[in-house]
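So you can see what is in the structure, the chains are spelled out below.
There are 2 protein chains.
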Amino acid sequence: MYRTHTCGELRVNQVNETVTLAGWVQTVRKFGAITFVDLRDRYGITQLLFGETLNAALDANPLGREFVLQITGKVQERSSKNANISTGDIEINVTAFTVLNKSAVPPFTIQDDTDGGDDLRMKYRFLDLRRNAVKKNLELRYSVNRSARNYLHENNFMDIETPFLIKSTPEGARDFVVPSRMNPGQFYALPQSPQTFKQLLMVSGYDRYYQIVKCFRDEDLRADRQPEFTQIDCEMAFVEQEDILNMFEGLVKRIFKDVKNIDYLEKVERMSWEDAMWNFGNDKPDIRFGMKLANLKSVFLKGGNIEATGELINGVGFGVFDNAETVLAIAVAGCSEYTRKQTDELTDWVKRPQIGMQGLVYIKCNTDGTYKSSVDKFYTEDKLKAIADSAGAKAGDLVLILAGREERTRKATSELRLEMGKRLGMRKDDEFKLLWVMDFPLFEYAEDDNRWVARHHPFTSPKPDHIEVMINNNPVIENAEKYLEHPYSNIKANAYDMVLNGNEIGGGSIRIFQRALQEKMFAALGMSEEEALHKFGFLLGAFEYGAPPHGGIAFGFDRLCSILGGSESIRDFIAFPKNNSGRDVMIDAPSEIDAKQFDELQIKLNLK
Amino acid sequence: MYRTHTCGELRVNQVNETVTLAGWVQTVRKFGAITFVDLRDRYGITQLLFGETLNAALDANPLGREFVLQITGKVQERSSKNANISTGDIEINVTAFTVLNKSAVPPFTIQDDTDGGDDLRMKYRFLDLRRNAVKKNLELRYSVNRSARNYLHENNFMDIETPFLIKSTPEGARDFVVPSRMNPGQFYALPQSPQTFKQLLMVSGYDRYYQIVKCFRDEDLRADRQPEFTQIDCEMAFVEQEDILNMFEGLVKRIFKDVKNIDYLEKVERMSWEDAMWNFGNDKPDIRFGMKLANLKSVFLKGGNIEATGELINGVGFGVFDNAETVLAIAVAGCSEYTRKQTDELTDWVKRPQIGMQGLVYIKCNTDGTYKSSVDKFYTEDKLKAIADSAGAKAGDLVLILAGREERTRKATSELRLEMGKRLGMRKDDEFKLLWVMDFPLFEYAEDDNRWVARHHPFTSPKPDHIEVMINNNPVIENAEKYLEHPYSNIKANAYDMVLNGNEIGGGSIRIFQRALQEKMFAALGMSEEEALHKFGFLLGAFEYGAPPHGGIAFGFDRLCSILGGSESIRDFIAFPKNNSGRDVMIDAPSEIDAKQFDELQIKLNLK
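From first to last, the protein sequence lines stand for chains A and B.
Per our numbering, residue 1 is the first one in the first sequence, and the count goes up by one each step.
Per our numbering, residue 1 is the first one in the second sequence, and the count goes up by one each step.
Next up, chain A with everything else stripped away, as it sits in the complex (with noise of 0.2 angstroms):
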């Protein structure tokens, strides 16, 4: 061993024990004869004092930022002492050193609030990782990692390692594939998720499963996705929905305790998929804070059982909203002093191109019972008063209201809800609130196609009471334009979200688990039964011989990871990330390879 104590271990009680460090030189200060420096390591800071004799020596060699040192010294007391470190009470009094590697001047500080930018910190993340900021995160994450595994272990989850050079079923997301060297022409996939082995896993008999692993898929790679990512990925036999809901809000509530130390007593809240779209425009609401949306007009969701007359705004005469398919509003609480300048700014922050609406008509709830509005030479304020009361709101709040078409109004009331709960403070780093989103519908219409898709995946059931309606009714949509009509649009899937602060943090479903059912699903999407048995034949296989019922749930590693870190960005969590082009900018990955391995490999380039 280079140490006998790390760089974060030393005490007052350890005063004139003779110790030995190694770790990087943080920062030398110099003072006439002596030097102080303070000595780095993954487990904290230790103050190095040089005195005359070493620093004599210090001057012919000088040490520079980053340089591995290895000490010898006596512990002491600090005359002047730091409450801010572990190790603020004590000082070492070097007697012997050796550099035991020295370090060119790194290309930015290795401190919380680096001078590097996030190109540069990236080609140089092995240095990047030596900050605070950066380790805290991995830490998190191992912990994270660690307080998993033991709630599954002791609820008799067992690990079991899937492959990773699997078929390429390409079904929603590109595969990426790995060309067979030993079965020429032929290719492996790489997993996008365990899903169909954790569910042979079931029929099997191993009746709890879990695995934190890695998956892969080839998509155009928005801001905060990653070519891989990691998955918490379990699965359950002899469950239904309620059995596996328990569980896995005791995970999460495990994972609050274990990591962030939170006792999250309540109940995670639950809320249909219909009820997340109407009231918070998404089917990921932040639940932090209420301010939910009021339709004001048209039916909201196609094919959904509410209904809004348009009664409350129609015909005074005010064509945007006459006009519009959608008009929603949301009741921002104490905001009804609003001036001229910040209504203003918040029309320009709806027209913004990603929020893309025409304007913002806005109603002050003065608090004195009056309304003031944007529209007021539509409005009587009776009218207004009455749109404000259906959006729930009070004296002393501020009605913001969007028109247009329905898909784009939905999400850019959700987008404004979210920005004014952030604006006001409702929306707290350090307040984590969970809820489980269910019941969402089992396909979606494929207008490109003219067929249904899998919301989920192919593997979830139908409701149990829909089953029926799944299987008698022939899935051809004869008529384009009604497919809201066609029994499928309303079958709702065993399906289920964690939601945690607004982001979907992990989804699953129960899944299917009969043959027939299975098949039928498959003809559902558009599958030739060639092609279902192509690619699906042994799972169809496996349910011929003893199938159990059995579903499951997959955590998205890097969000959990990040959310409970309090930070936006999977990347900060993720020890070596790509960038958004697919690109390791540290190894320079990927690149060209032999020619020898495209001649054993039997391909070659065609390129564009």
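It cannot be assumed that every hint is accurate.
Claimed, not checked - Below are the PhoX-like pairs computed for lysine-lysine, each with C-alpha atoms no more than 25 angstroms apart in a straight line:
id: 1; chain 1: A; residue 1: Lys-463; chain 2: A; residue 2: Lys-284
id: 2; chain 1: B; residue 1: Lys-596; chain 2: A; residue 2: Lys-608
id: 3; chain 1: A; residue 1: Lys-520; chain 2: B; residue 2: Lys-267
id: 4; chain 1: B; residue 1: Lys-520; chain 2: A; residue 2: Lys-102
id: 5; chain 1: A; residue 1: Lys-267; chain 2: A; residue 2: Lys-257
id: 6; chain 1: B; residue 1: Lys-492; chain 2: A; residue 2: Lys-604
id: 7; chain 1: A; residue 1: Lys-604; chain 2: B; residue 2: Lys-608
id: 8; chain 1: B; residue 1: Lys-492; chain 2: A; residue 2: Lys-596
id: 9; chain 1: A; residue 1: Lys-214; chain 2: B; residue 2: Lys-214
id: 10; chain 1: A; residue 1: Lys-136; chain 2: A; residue 2: Lys-260
id: 11; chain 1: B; residue 1: Lys-604; chain 2: A; residue 2: Lys-604
id: 12; chain 1: B; residue 1: Lys-267; chain 2: B; residue 2: Lys-492
id: 13; chain 1: B; residue 1: Lys-492; chain 2: B; residue 2: Lys-482
id: 14; chain 1: B; residue 1: Lys-608; chain 2: A; residue 2: Lys-608
Hints were generated in silico from the structure; no laboratory data involved.
Place chain B on chain A using the hints.
Just chain B now, kept in the frame of chain A:
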């Protein structure tokens, strides 16, 4: 939940409780008006009793093997108990049942001694996994996983995930590659190990890293290799070899304790590579028994420092020995009375193509002090005694001698030793002997290219004493005939393998951490400066910014599990293994991919 209890849970103190169980029908035994069913799940088997009323219902819809059954009934004490199973004191008097799913007749029996052949079981792996024999292997695997994680966690190791989509740097084994759609013409590689990433983590200051991680090698598969395999991968900074040896023999001992309840108290033996090759004929000796090799003639190891003159056997006119490069003997304890038939059989054994020797010479050291040999006409009894003595034989032993080319003879004698050890019961499944083999050569000579290759990998450090030899000599081998005289042939590595019962279960080394030395190593391996920079520039770069001394080890997790489970085959310990052609015959992978996939990836086939 479909059940109140598992099938392994109920005991006699639960008699009279009403319970619900769910599981698979193992057996159905009808006795007139009643039927006994054994219901199986992951946790055990419970006997069900269907009385007269339900029996009639069963007659109408008979249960078959592997049907999924849910029952409710009352626990009652059995009249004839079964001491072999944990629930053997009770049975359930069934009051209601539901067939949750039917099963076709399985293609083989779900029993420990199944009637299914290998191929059939692999095709229906989901059924094979139901067998207790396979289940206990996966349970053992999980308990090794759990034990390793606990030990490493307690010792301050952090699980840090390294990327799977990395850069192809073929050096030794072949990479699997993954075409990048977003970077046309470029490829990722799947990692053969996280080697360079874990070293970067050391540079980053995460001084104790581990991962239980999938690795990939595109090699022609021998009987017991898999294209994807799992490693327990570890690395430590600020350590010397001694620290690593202690830490990781602790790990294996902990696994012995947790998984097998074995207290492995003694210090793990250590042996130099030279001694292993000299005394046991291979670098992973099984030291559960002695029977060391005696070298009767040539220098055993080219370049080694042990000499044998051959004076014991040369010059008596026995051409086989006179002309042989190498003559090796083992003394097999207590076998002096082998019959002619037995020695003939041994002669046939060494002549098999797998061993490939021309013949076998034996000397019987009779208990009466006389010697009898298959070469009596060449050697006097005194000579025979001298030879037997030099092989360490005692009265009653049988000395077996092989002669021929050095490498083949050494290998054959090693095999013969293992075979005799097995026959004599010296290799017990329930005895575990660990061994560190150390001081490996840093380089091996590659005849084809007349150059050096790294015996372990290019990141392994020479012994401190040998660093100067490496730095101060030109790696070029001027005279291929005399490569043994090149200073590099005697450089020893700071590398170590952990051997368990004759199997290498782990290997590692102290790493190079200085840029100059690493560059010298790449040059020694025949890499140009440009090539080294292209492939490993990131690592050379990292070494410039304060790399600490570090080293590590990786354990072959599949192999470790199979040895602990007393099996020869790692495949038995992998949930979904591939066959010798790298195929998963269950899912039928690899397979062809779509034209659209080729198009998007901008590659095409180039079949020969």
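Structure-based check of all given hints:
Among the hinted pairs, Lys-463(A) with Lys-284(A) is consistent with the structure: their alpha-carbon atoms are about 21 angstroms apart, no more than 25 angstroms. Taking the CA atoms of Lys-596(B) and Lys-608(A), the gap is about 14 angstroms. The hint holds against a cut of 25 angstroms. Proposed proximity of Lys-520(A) and Lys-267(B) is contradicted: the alpha carbons are some 62 angstroms apart, above 25 angstroms. Between Lys-520(B) and Lys-102(A) the alpha-carbon distance is near 18 angstroms, which keeps this suggested pair within the 25 angstroms criterion.
Note on Lys-267(A) and Lys-257(A): the hinted pairing holds, with a Cα-Cα distance of about 15 angstroms set against a maximum of 25 angstroms. About 42 angstroms separates the Cα atoms of Lys-492(B) and Lys-604(A), which puts this hinted pair outside 25 angstroms; it is violated. Taking the CA atoms of Lys-604(A) and Lys-608(B), the gap is about 12 angstroms. The hint holds against a cut of 25 angstroms. Of the pairs offered as hints, the one joining Lys-492(B) and Lys-596(A) is violated, with about 32 angstroms between alpha carbons and a cut-off of 25 angstroms exceeded.
Restraint check: the Cα-Cα separation between Lys-214(A) and Lys-214(B) comes to about 10 angstroms, which is no more than 25 angstroms; the hinted pair holds. The hinted pair formed by Lys-136(A) and Lys-260(A) meets the criterion: a straight-line CA distance of about 13 angstroms does not exceed 25 angstroms. For the hint linking Lys-604(B) to Lys-604(A), the alpha-carbon distance of about 5 angstroms falls within 25 angstroms, and the restraint holds. For the hint linking Lys-267(B) to Lys-492(B), the alpha-carbon distance of about 24 angstroms falls within 25 angstroms, and the restraint holds.
Taking the CA atoms of Lys-492(B) and Lys-482(B), the gap is near 19 angstroms; set against the 25 angstroms cutoff, the hint holds. Simply put, Lys-608(B) and Lys-608(A) have alpha-carbon atoms about 23 angstroms apart, close enough for the 25 angstroms limit, and the pair holds.
When each numbered hint is compared with the structure, violations occur for hints 3, 6, 8.
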